[in-house]
Amino acid sequence: MQFLSQLKAGQQAVISAIEAEESLFHRLSALGFRVGKPLSIMRRASFNGPLHVRLGTTDVILRVTEADRIQINAI
Amino acid sequence: MKRIALLGMPNTGKSTLFNRISGASARVGNWPGITVDLMSAKILLGGNIVELIDLPGIYDLHGFSEDEQVVRHFITNNPVNLLVVLLNSTQIDRQLSLLLQIKKLGFPIVLALNMADEAKRAGITIDTESLSQTLGLPVIQISAKYGDGLPKALEAATSIINQQDITTNPQSISLLLKEEHDIEHEMHELIEQHVQIPATLNDDTTDKIDKLLLHKWFGLPLFFAAMFLLFQFIFTVGAPIQDGLAWLLDLIRTELLDPLFTNSPKWLSGLMLDGIYNGVATVAAFVPIIILFFLVMSMVEDSGYLSRAAFLMDAIMAKMGLDGRGFVMMLMGFGCNVPAIMGTRIMRSRNMRLLTMLVIPLSLCSARMQVFIFMIAALFSTSHAPLVLFSLYVMSFFTMFLTAVLFQSQYKNTEPFILELPPYRFPTPRQIVLRGWHEVKHFLNRASKFIVLGVVLVWLLTNFPSNVAPASVETYAGQIGVFFAPILDPIGINHELAIALIFGFVAKEIVVGALAVIYGLQGDALMAQMATQIDWVQAMSFMLFTLIYTPCLSTIATIKNESKSTAFMWLSIIWSLGLAWVVSFAFYQGARLLGF
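The listed protein sequences correspond, in order, to chains A and B. The first sequence runs 0 to 74 under numbering that gives the first Met the number 0. The second sequence runs 0 to 595 under numbering that gives the first Met the number 0.
These aren't lab readings, by the way, just hints derived from the structure by calculation. Quick caveat: nothing in here was measured; it's all calculated off a predicted structure. Possibly wrong hints are sitting among the right ones.
Claimed, not checked - Result set (DSS-like, lysine-lysine): computed pairs, CA atoms no more than 30 Å apart in a straight line: (1) B:K41 / B:K103; (2) B:K119 / A:K36; (3) B:K207 / A:K7; (4) B:K41 / A:K36; (5) B:K318 / A:K7; (6) B:K151 / B:K103; (7) A:K36 / B:K207.
What the hints assert, rightly or not - Computed Cβ-Cβ distance ranges for the label pairs, DEER-style: (8) B:A245 / A:P37: 51 to 61 Å; (9) A:T64 / B:P220: 20 to 30 Å; (10) B:R120 / A:T64: 53 to 63 Å; (11) A:Q1 / B:Q231: 39 to 49 Å; (12) B:R120 / A:Q11: 46 to 56 Å; (13) A:D67 / B:S380: 47 to 57 Å; (14) B:P220 / A:Q10: 47 to 57 Å; (15) A:F24 / B:A225: 45 to 55 Å.
Cβ atoms here follow ideal geometry from the backbone N, Cα and C, with glycine treated the same way.
Just need the whole structure built from these sequences, with the hints factored in.
Shown next, in the form of structure tokens:
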């Protein structure tokens, strides 16, 4: 099982599951995080800072804590 | 009166559209069922006056963020005649969900697709006619920034408003939660049939800029350099304007007001001129810098760079219970605390806003710097001066970080840190001016009442009883100085400095002037006199106290207004006063112990 937080910059993946409480789930899904959607990691900030993720036409930054809730299959 | 609400996701240009439609007529109002202020404006639409309300930007009607709750409460408590839903054309594939959620509730809707220009550049083509037919509502592509398509959108809104008198039925919201699944499906179908999106966006300018500005190692230094340049710009441009305005206000006093009041009773001219006019003029002289701050701030905010700064600083700020945006506000505070505190509005979590608001008043604002430059010139050699000023800046950062670390458990924010990174945009001049004007109006409204009251009080304290010399120790202000001696003596602050500190409570700009009145001297003579009265340890202690205790009444008023909590305002005052005393005490007694 692989999580979004484990990906390196430049890697691509498909979301396989989102494990989050309702409020976070809503927020993520409204920003485009849905099962089956492909995404790519644009970059990661230094000092284990946020991840910069691109989903379709949308760019999102999120902390590692949140990226830990998203399961992916790397491609 | 009929009512139209404007709804959309964050970063879709909703406020730009609102400002464009309302011009400068907008005001802040309270609404049933919600605690935050919403902007509204009365506009003329098809011969009728209609109320237009700007709802907060939301991602999801069912979400749990503060903004999302505000919108839900608004539409379940306030009937509306029409919703104008604004979506970003370049992200229509994802944003359509919000429209469908609202459509299910049975609202009359006009769908405005903003950023038509950006979508065009990105190669996205939307067949608005067929989309409009399928949805059964008017769909109009607009550019809020340039105003394209706006007349058409307003026309569509007018015809809906004129056709029907019915307002909305809010109860059906709960039904919608069950239909989430259908929406997902419908959205997919719609995009499939009506929208073509190329696999990658053609416009990769943002990517190129990001490669540099979000660089793993150069990102932060570049950010600091950019911020430094902005501050330089604000002060290089603002300082001469401020000086000019101060000169003009002084001229008005000497040429116009002084002759006007020559025959009035002494108390009246004193109160009107030395009290109210001087006080208000001090504030007024700062308006140019404040306007510049707002202009630069709205430019930075609208450009998309703030989200990038949040990305860069977040790891460090997270350790203090803040986030990257909080850091930007701290920097803004180095110019003036008031706009920085207002700037926390971009934060969604109330707890994080409060923690940031507690930290900002500790930043070394430009008014405090005036005091420091004066004191340093009076009591330190030129070779020591830069070091002393630098140490005060370091101290400012230290107290901010200390405060955040100590209070972060009090203001734990549960909201996850997920931010959309919008593409870089260049705001139009009209956009910048309108935003700046709004903020300035609000600031003047609030600050003016507060300042007038404050200066009248200070004038009374320093001029009564009337049989003693003004601002002397025998006046009420002087007696207060004596009264506070047990607290202020241990930190090396004498009665004269104590009176200046009390003046400083209103605004730090008054401190130097107050010292001039107290010592009855000006310029070099004043500095020389002060050097004989106090030593550098006392001066440093005085500066530390000035740095840390509440910056000014405007800041306090702004904190109260933005937090909407008197208790929080008092916490901010008491914490900063307490911290100021402890730091000054530790420094003064420590230095004396070491034999200085």
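To see whether the hints hold, each was checked on the structure:
1. B:K41 / B:K103: Within the cut-off at roughly 28 Å; holds.
2. B:K119 / A:K36: holds, 25 Å
3. B:K207 / A:K7: Roughly 20 Å between the alpha carbons, so the hint for K207 of chain B and K7 of chain A holds.
4. B:K41 / A:K36: With a Cα-Cα distance of about 43 Å, the restraint between K41 of chain B and K36 of chain A is violated, given a limit of 30 Å.
5. B:K318 / A:K7: holds, 23 Å
6. B:K151 / B:K103: holds, 25 Å
7. A:K36 / B:K207: Holds, at about 25 Å.
8. B:A245 / A:P37: 51 to 61 Å: holds, 60 Å
9. A:T64 / B:P220: 20 to 30 Å: Between T64 of chain A and P220 of chain B, where Cβ atoms are some 27 Å apart, the hint holds.
10. B:R120 / A:T64: 53 to 63 Å: violated, 35 Å
11. A:Q1 / B:Q231: 39 to 49 Å: Holds, since Q1 of chain A and Q231 of chain B (Cβ atoms, about 47 Å apart) stay within the stated range.
12. B:R120 / A:Q11: 46 to 56 Å: Distance hint for R120 of chain B, Q11 of chain A is violated at roughly 25 Å.
13. A:D67 / B:S380: 47 to 57 Å: Cβ of D67 of chain A to Cβ of S380 of chain B: about 56 Å, so the range 47 to 57 Å holds.
14. B:P220 / A:Q10: 47 to 57 Å: Taking Cβ atoms as reference, P220 of chain B and Q10 of chain A lie about 27 Å apart, which means the hint is violated.
15. A:F24 / B:A225: 45 to 55 Å: The hinted range 45 to 55 Å is violated for F24 of chain A and A225 of chain B, with Cβ atoms some 36 Å apart.
Checked against the numbered hints above, the structure violates hints 4, 10, 12, 14, 15; every other hint is satisfied.
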